[in-house]
Amino acid sequence: MVMAEGAAAGDMVDGEVRKVDMEAKKITIKHGDIKNLDMPGMTMVFQVKDPAMLDKVKAGDKVKFKAEKAGGAIVVTEIAPTK
-18 MVMAEGAAAG DMVDGEVRKV DMEAKKITIK HGDIKNLDMP GMTMVFQVKD
32 PAMLDKVKAG DKVKFKAEKA GGAIVVTEIA PTK
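Going by my numbering, the sequence shown opens with residue -18, and the numbers climb by one from there.
Be careful, since some hints might not be right.
Unchecked claim - In silico lysine-lysine, DSBU-like type, Cα no more than 35 Å apart, as pairs:
#1 K37 / K64
#2 K45 / K30
#3 K37 / K11
#4 K50 / K0
#5 K50 / K16
#6 K39 / K50
#7 K30 / K50
#8 K37 / K0
#9 K16 / K37
#10 K47 / K30
#11 K16 / K0
#12 K6 / K16
#13 K47 / K7
#14 K37 / K47
#15 K39 / K11
What the hints assert, rightly or not - Simulated DEER-style distance windows between Cβ atoms:
#16 T24 / M(-7): 23 to 31 Å
#17 D19 / K64: 25 to 33 Å
#18 K45 / K0: 17 to 25 Å
#19 D(-5) / V56: 17 to 25 Å
#20 K39 / D19: 16 to 24 Å
#21 T58 / M3: 14 to 22 Å
#22 A61 / M3: 23 to 31 Å
#23 A61 / K6: 26 to 34 Å
#24 K64 / K11: 17 to 25 Å
#25 T63 / K16: 12 to 20 Å
#26 M3 / M25: 28 to 36 Å
#27 D36 / K64: 24 to 32 Å
Because the hints were derived from the structure by calculation, they are not lab data.
Just so we're clear, the structure is a prediction, and the values are computed from it rather than from any experiment.
Note that beta-carbon positions come from the ideal geometry of N, C-alpha and C, so glycine has one too.
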């Protein structure tokens, strides 16, 4: 079972950046289903694991990202713009 959980956690999710808040270290993303969190597609605000990730993206960018639960919050752990 651990392997199955690891595989699900490795799935990148498609999304579109709606807002980047450098001061609060948060990002708003309209996203598809996040399978590893059993979450349907929606638009929501995420915390980021590393604030430097916010320098890679801007509002309107199409992205692929990973999100995980950490300390009671949902945190973006990886993000990259797509072309």
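Status of the hints after comparison with the structure:
For a cut-off of 35 Å, the pair hint linking K37 to K64 stands: about 13 Å separates their Cα positions. Between K45 and K30 the alpha-carbon distance is near 15 Å, which keeps this suggested pair within the 35 Å criterion. The straight-line distance between the Cα atoms of K37 and K11 is roughly 17 Å, inside the 35 Å bound, and the hint therefore holds. For the hint pairing K50 with K0, the CA-to-CA distance comes to about 21 Å; that is within 35 Å, so the pair holds.
Annotation: proposed proximity of K50 to K16 holds, straight-line Cα distance about 12 Å (limit 35 Å). Using a Cα cut-off of 35 Å, the hinted pair K39 and K50 holds, with the two alpha carbons roughly 23 Å apart. Among the hinted pairs, K30 with K50 is consistent with the structure: their alpha-carbon atoms are about 11 Å apart, no more than 35 Å. Between K37 and K0 the alpha-carbon distance is near 13 Å, which keeps this suggested pair within the 35 Å criterion.
Proposed proximity of K16 and K37 is supported: the alpha carbons are some 24 Å apart, at most 35 Å. Pair hint K47 plus K30 holds up; C-alpha atoms about 11 Å apart against a cutoff of 35 Å. Of the supplied pair hints, the one linking K16 and K0 holds, its CA atoms being roughly 23 Å apart against a limit of 35 Å. Simply put, K6 and K16 have alpha-carbon atoms about 24 Å apart, close enough for the 35 Å limit, and the pair holds.
Between K47 and K7 the CA atoms are separated by roughly 14 Å; this keeps the pair inside 35 Å, and the hint holds. The suggested pairing of K37 with K47 holds, with an alpha-carbon distance near 15 Å, which does not exceed 35 Å. Between the alpha carbons of K39 and K11 the distance comes to roughly 13 Å, so the proposed pair stays at or under 35 Å and holds. For T24 and M(-7), the hinted distance range of 23 to 31 Å is not satisfied, since their beta carbons lie about 18 Å from each other.
One distance hint, 25 to 33 Å for the beta-carbon pair D19 and K64, holds here, with the actual separation near 29 Å. At about 18 Å, the CB distance of K45 to K0 agrees with the hint of 17 to 25 Å. At roughly 18 Å, the beta-carbon separation of D(-5) and V56 lies within the given 17 to 25 Å, and the hint holds. Restraint check, K39 to D19: a C-beta distance of roughly 29 Å breaks the suggested window 16 to 24 Å.
Evaluation of the 14 to 22 Å hint for T58 and M3 yields a pass: the beta carbon distance comes to about 18 Å. The beta-carbon spacing between A61 and M3, approximately 18 Å, falls outside the hinted interval of 23 to 31 Å. With their beta carbons about 18 Å apart, A61 and K6 fall outside the hinted range of 26 to 34 Å. Our hint of 17 to 25 Å for K64 and K11 holds, since their Cβ atoms are close to 18 Å apart.
For T63 and K16, the Cβ-Cβ distance of about 18 Å falls inside the hinted range of 12 to 20 Å, so the restraint holds. For M3 and M25, the Cβ-Cβ distance of about 18 Å falls outside the hinted range of 28 to 36 Å, so the restraint is violated. A C-beta distance of roughly 18 Å is found between D36 and K64, which places it outside the suggested range of 24 to 32 Å.
Checked against the numbered hints listed earlier, the structure breaks hints 16, 20, 22, 23, 26 and 27; every other hint is satisfied.
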